[in-house]
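Input sequences plus hints: build the corresponding full structure.
If you read the protein sequences in the order shown, they are chains A and B. Each residue of the first sequence is one higher than the last, beginning at 1 in full-length UniProt numbering. Each residue of the second sequence is one higher than the last, beginning at 1 in full-length UniProt numbering.
Source of the hints: derived by calculation from the structure; they are not laboratory data. One should not assume that every hint holds.
Claimed, not checked - The calculated lysine-lysine pairs, modelled on DSS-like cross-linking and capped at a C-alpha distance of 30 Å, are:
1) B:130 x A:102
2) A:3 x B:194
3) B:301 x B:251
4) B:156 x A:20
5) A:158 x A:98
6) A:53 x B:152
7) A:20 x B:152
8) B:26 x B:50
9) A:20 x B:20
10) B:26 x A:23
11) A:152 x A:99
12) A:152 x B:276
13) A:23 x B:152
14) B:276 x A:102
15) A:98 x B:335
16) A:151 x B:335
17) B:26 x B:130
18) B:11 x A:19
19) B:280 x A:20
20) B:68 x B:156
21) B:20 x A:12
22) A:10 x A:56
23) A:19 x B:130
24) A:23 x B:187
25) B:187 x A:20
26) B:26 x B:11
27) A:23 x B:335
28) B:276 x A:149
29) B:130 x A:149
30) A:56 x A:74
31) B:50 x B:7
32) B:408 x B:335
33) B:276 x B:7
34) B:280 x A:149
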Amino acid sequence: MSKFKYTDEKEKEFQRIAKKYPKIDAMMLPALWLVQEQEGWVSPDAMIFLADKLGKTPIEVYEFATFYTMFNLKPIGTYHIELCKTLSCMIMGAPELKKFIKDTLGIGPGETTADGKFHFSEVECQGACGGAPMIALNHTYHENLTVDKLKKIIEECK
Amino acid sequence: MAVELVKIVSKNFDIPDSHKLEVALKNGRYESIDKLFSMKPEDVTEEVCKSGLRGKGGGGAPCGPKWKLMPPVDERPRYLIVNGDESEPGTFKDRQIFQYDPHILIEGIICSCYAIQAHEAFIYIRGEYKWFIDRLNEAIDEAYEAGIIGPKVMNKYDFSVDITVHRGGGAYICGEKSALIESIEGKRGHPRLKPHGKECEWFYGQPATVNNVETISSVPNIVLNGYESYTKWGTQKAPGTMLFAMSGPVKNPGVYELQYGEKMLDVINEIGGGMKDGLKLKAVIPGGASCPILTAEEVEKAYLDYESMWDIGSTLGTGGMMIIPQGVSMVDVAKNLIEFYHHESCGQCTPCREGTGWIDKTIKKILDGIGSQEDIETILDVCETMNGKTICVFAPAVKDIIKSIVQKYRHEFEEHFKK
Chain A
1 MSKFKYTDEK EKEFQRIAKK YPKIDAMMLP ALWLVQEQEG WVSPDAMIFL
51 ADKLGKTPIE VYEFATFYTM FNLKPIGTYH IELCKTLSCM IMGAPELKKF
101 IKDTLGIGPG ETTADGKFHF SEVECQGACG GAPMIALNHT YHENLTVDKL
151 KKIIEECK
Chain B
1 MAVELVKIVS KNFDIPDSHK LEVALKNGRY ESIDKLFSMK PEDVTEEVCK
51 SGLRGKGGGG APCGPKWKLM PPVDERPRYL IVNGDESEPG TFKDRQIFQY
101 DPHILIEGII CSCYAIQAHE AFIYIRGEYK WFIDRLNEAI DEAYEAGIIG
151 PKVMNKYDFS VDITVHRGGG AYICGEKSAL IESIEGKRGH PRLKPHGKEC
201 EWFYGQPATV NNVETISSVP NIVLNGYESY TKWGTQKAPG TMLFAMSGPV
251 KNPGVYELQY GEKMLDVINE IGGGMKDGLK LKAVIPGGAS CPILTAEEVE
301 KAYLDYESMW DIGSTLGTGG MMIIPQGVSM VDVAKNLIEF YHHESCGQCT
351 PCREGTGWID KTIKKILDGI GSQEDIETIL DVCETMNGKT ICVFAPAVKD
401 IIKSIVQKYR HEFEEHFKK
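Set out below in structure tokens:
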């Protein structure tokens with residue numbers, strides 16, 4: 001039995017979205033997004049909850065969640081910095097931004113600061129190549145970045 | 001001749017608040033709907049066939065004939081699935097539609113649903129585009145509230161259209177249409193085996209058509225103004241326009257609507273403003289990372305349409321040009337791209353899953369200065385082993401880009417042997 005539960009608001013949202021689809025299986029992605037919005041990550045407990053809700057086995061939910069890179073399978077910091085590393089961003093200066101993050105926050109890709117405030121991920125193309133280099137900060141895009149601009153963004157979060 | 005910007009899909013992009021329904025209605029959105037319902041569905045399909053509209057997600061397959069693959073109408077539900085996954089590196093055009101004119105997409109969905117007689121449409125958008133998803137959902141809510149979509153299109157036509165936006169979870173392969181459907185159906189995004197003959201797609205076992213966001217957004221103009229309004233642009237085999245994207249160190253990177261057939265170098269210089277900071281052009285990947293790379297000399301001979309691009313040994317893909325300047329090592333470029341492909345291979349087919357990792361490791365070995373000619377041959381050999389032996393075209397795409405870089409810039413790989 002899972003200890004996880006959607007909040008009333010999320011449960012209502014789940015029921016609203018579920019009506020749009022021909023089968024409940026299609027709720028896998030929307031249901032996981034609702035969990036992550038609520039908790040910040042997708043815990044094993046939440047996967048058991050979803051399996052029960054969607055008529056799946058927990059391992060099926062786990063297999064699904066691990067395939068898609070945007071689901072956090074462990075808690076991450078308050079601010080999630082996702083730095084694009086793919087070609088146009090690489091050419092336009094992503095390596096300097098990565099170095100800056102390492103130097104100022106002391107974290108490399110996949111790491112969280114000791115105070116739990118920042119988590120850093122190096123990610124593949126975010127579809128912002130015209131505004132390279134870029135980061136997404138909690139899903140908000142910041143494009144045409146320089147080290148100075150990134151410094152300001154990070155300082156505002158502190 | 002100077003390169004001319006054409007405003008069909010991008011007509012409203014520069015208008016302030018163009019994403020809002022009120023502004024969209026004042027600027028021509030939904031004008032095609034009255035004409036649409038004065039036509040028979042098969043006549044709409046025929047008009048799109050005559051326009052020569054081609055899929056703008058990378059494949060370039062004709063849109064009208066694809067619609068004709070839907071089986072005759074029966075009691076089964078039918079679906080339109082709109083592909084807005086847009087994960088191909090170098091490609092960022094559909095997001096302009098979500099951001100600046102979501103109503104052109106909704107209008108296109110109404111037209112396309114009517115043509116294929118579907119009443120439900122799903123728009124699959126990559127999860128990273130959270131902001132754009134919210135923007136599109138706001139427009140859809142507005143359209144529902146105004147009765148533009150819902151049980152009676154435009155509050156008067158006896159035809160229902162429902163639209164649902166489905167947010168992806170971060171997997172490049174879900175841009176492949178069958179993987180996309182698997183993903184909506186609540187499974188890992190593994191591409192499906194394709195049938196020998198051409199047929200429609202199947203969503204939960206029911207007939208479905210999958211089209212790219214830009215393709216669907218091109219339909220309202222064809223319905224309203226007729227196919228001739230579209231074929232007056234472009235080339236004979238590639239009529240019309242495309243949202244071409246430019247990234248890298250040019251003065252004006254961005255998305256520009258151009259007719260097919262423009263000279264690539266003119267587009268880079270006149271529209272992109274040329275290279276910035278005195279940099280020199282070294283190479284261009286013409287239509288997203290999957291297209292064979294063009295050297296600076298080849299760029300001079302390149303024209304932006306499917307057939308011309310095939311003639312010089314590459315493909316037009318999504319029209320997303322990635323500009324690479326002198327000074328950037330092509331071994332680093334190959335390394336960057338193979339890391340992407342290694343990370344994004346869905347893992348279903350062994351040649352792709354293992355091949356991408358093998359090439360990744362071999363390029364790293366070369367960069368570490370411990371490579372040899374044999375390693376270059378290994379990369380080329382693995383490329384061939386991957387090509388055509390997998391369920392989807394991911395592996396052939398890896399072969400295309402990596403092999404072209406190694407063959408055209410082999411000397412740069414060899415320079416690392418001397419270390």
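ask   = Which numbered hints are broken by the structure, listed smallest first?
value = The structure breaks hints 2, 6, 10, 18, 19 and 27; every other hint is satisfied.
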